[in-house]
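Enquirer: What follows is each chain in one-letter form.
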Amino acid sequence: MSMPNQYEQVTADTFLRGLWEENPVFVMLLGMCPALAVTNSAINAISMGLATTFVLVMSSALISIFRNFIPKQVRIVAYIVIIATFVTIVDYLIQAISLDLYNALGAFIQLIVANCVILGRAESYASRQKLGATIVNSFGSGIGFTIALLSMGAVREILGAGALFGVGIMPVGFEPWVVMVLPPGGFFVLGCWLIIFAWNKKRKEQAQLDGAVAGGQA
Amino acid sequence: MEDSLFSIFMNAAVVSNFVLAMFLGICPFLGVSNKVDTSLNMGMATTFVMVVSSAAAYAINLILSDLGIEFLRLICYIAVIASSVQLVEMVVKKFSPALFQALGIFLPLITTNCAILGLTLFQTSREYDFIQSLVFALGAGAGFTLALLLMAGIREKLELAKTPDIAQGAAMTLMIGGVLSLAFMGFAGLA
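First to last, the sequence lines map onto chains Y and H. If you count the first sequence from 1, position 134 lands on 134 in our numbering, and the numbers rise without skipping. All you need for our numbering is the position in the second sequence, starting with 1, plus 218.
Here chain Y stands alone, though its shape is the one from the complex:
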């Protein structure tokens, strides 16, 4: 791209954008595979979110530092190699911290490499912005991703196992909806969240429209 680089001032928005307006899962529909696959319990969802956040922040920072040295033609390969390096670190780290967690997340730790959230941030932000802004922005995206995963994991665990973080919270007579922790549950819960967000957005637009009509001016 030949347009001059426009560096962004670091504001609260640099961080907050990733949480809500540009939430990777709910708004941009990126990184759907881990969002569906490892959210069958809240603890898995949180660990996956944090692992991804670590890789996202570290690789974005490195890419931002080297942004003027990486030739444009080979940039994707360069990004992927950088990302793969950090994923390898995380992979060994989780294996060392908790073997149970490692087995629960399975191949999805290594599959962080193919998570489009990270490559998307690298291409659209880290390769154009200064280090500080990049770290803040990618941290925001990572936290947004974690929140999205957690909000799916919590719903699936509560409905599918009657528990949250392994602690039973449903009344004794509750029959768990086993389907929620199985693959179809992932699709259904994410679909429901998207419908809720679309409904919320539509309601807000309607309210704005009504307000404009009542005020007599657009």
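FYI, nobody ran anything at the bench for these hints, they're computed from the structure. The structure displayed is predicted, hence computed values, not measured ones. Please note that the accuracy of each hint is not assured.
[Claimed, not checked] If you only want the chain Y side, here are some residues facing chain H, beta carbon under 10 angstroms, derived:
no., residue
1, 76
2, 107
3, 111
4, 147
5, 177
6, 188
7, 197
8, 202
Note that the Cβ used here is the ideal one computed from N, Cα and C, for glycine as well.
We have chain Y; now place chain H onto it with these hints.
Expert: Quick look at chain H alone, frame taken from chain Y:
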């Protein structure tokens, strides 16, 4: 446990279907599944990349284990996949420019299709031999194509149906995906 080639194929294609049971390759599943013919081509391109990467990953794993540097596995695999995608891109561009146009951005994005990286990682962790790996790749590709085709068929019909407007787009596709996934659970225990 000794797996027969047929059971490896069936297992990868339907029983634990890569898209509907293991959640690999969801991005193209949501993105390119709006037309039957595009999704068939996408499925075939992905299958081809899968088979090439699977063979290359098998060879690379031999070398890496021989040298004792398995920690480089991930980096090597992703590099192999990126190059085979490049190869497919050149072939498609040369032989069918129309298809090249239709697939658009999704062709280079095969690189970040986790189904392919997942496939190479699974074949390594399950210690398949060369032939088993190829059959596994073919099965996975067939399963991916099948899921894409089913979804595209349903979505083409759905265009004529009246859906609530808050549920249009990705939400609807996910709901249908859930139902398909539920149906595929019926295959459990087949192979």
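Enquirer: All the hints need checking, so say for each whether the structure fits it.
Expert: Verification of the hints:
For residue 76 (chain Y), the shortest C-beta to C-beta distance to chain H is roughly 7 angstroms, which falls under 10 angstroms, so the interface hint holds. Annotation: interface hint on residue 107 (chain Y) holds; nearest CB of chain H at approximately 5 angstroms, less than 10 angstroms. Restraint check, residue 111 (chain Y) versus chain H: the minimum CB separation of about 5 angstroms is within 10 angstroms; hint holds. Hint on residue 147 (chain Y) is violated. Least Cβ distance to chain H is approximately 18 angstroms, over the 10 angstroms limit.
For residue 177 (chain Y), the shortest C-beta to C-beta distance to chain H is roughly 12 angstroms, which exceeds 10 angstroms, and the interface hint is violated. The beta carbon of residue 188 (chain Y) comes within 4 angstroms of a beta carbon in chain H, closer than 10 angstroms, and the hint placing it at the interface holds. For residue 197 (chain Y), the interface hint holds, since its Cβ comes within 10 angstroms of a Cβ in chain H; the closest pair sits about 9 angstroms apart. With its C-beta approaching chain H no nearer than about 6 angstroms, residue 202 (chain Y) sits inside the 10 angstroms limit, and its interface hint holds.
Going down the numbered hints, you'll see the structure goes against 4, 5, while the others check out.
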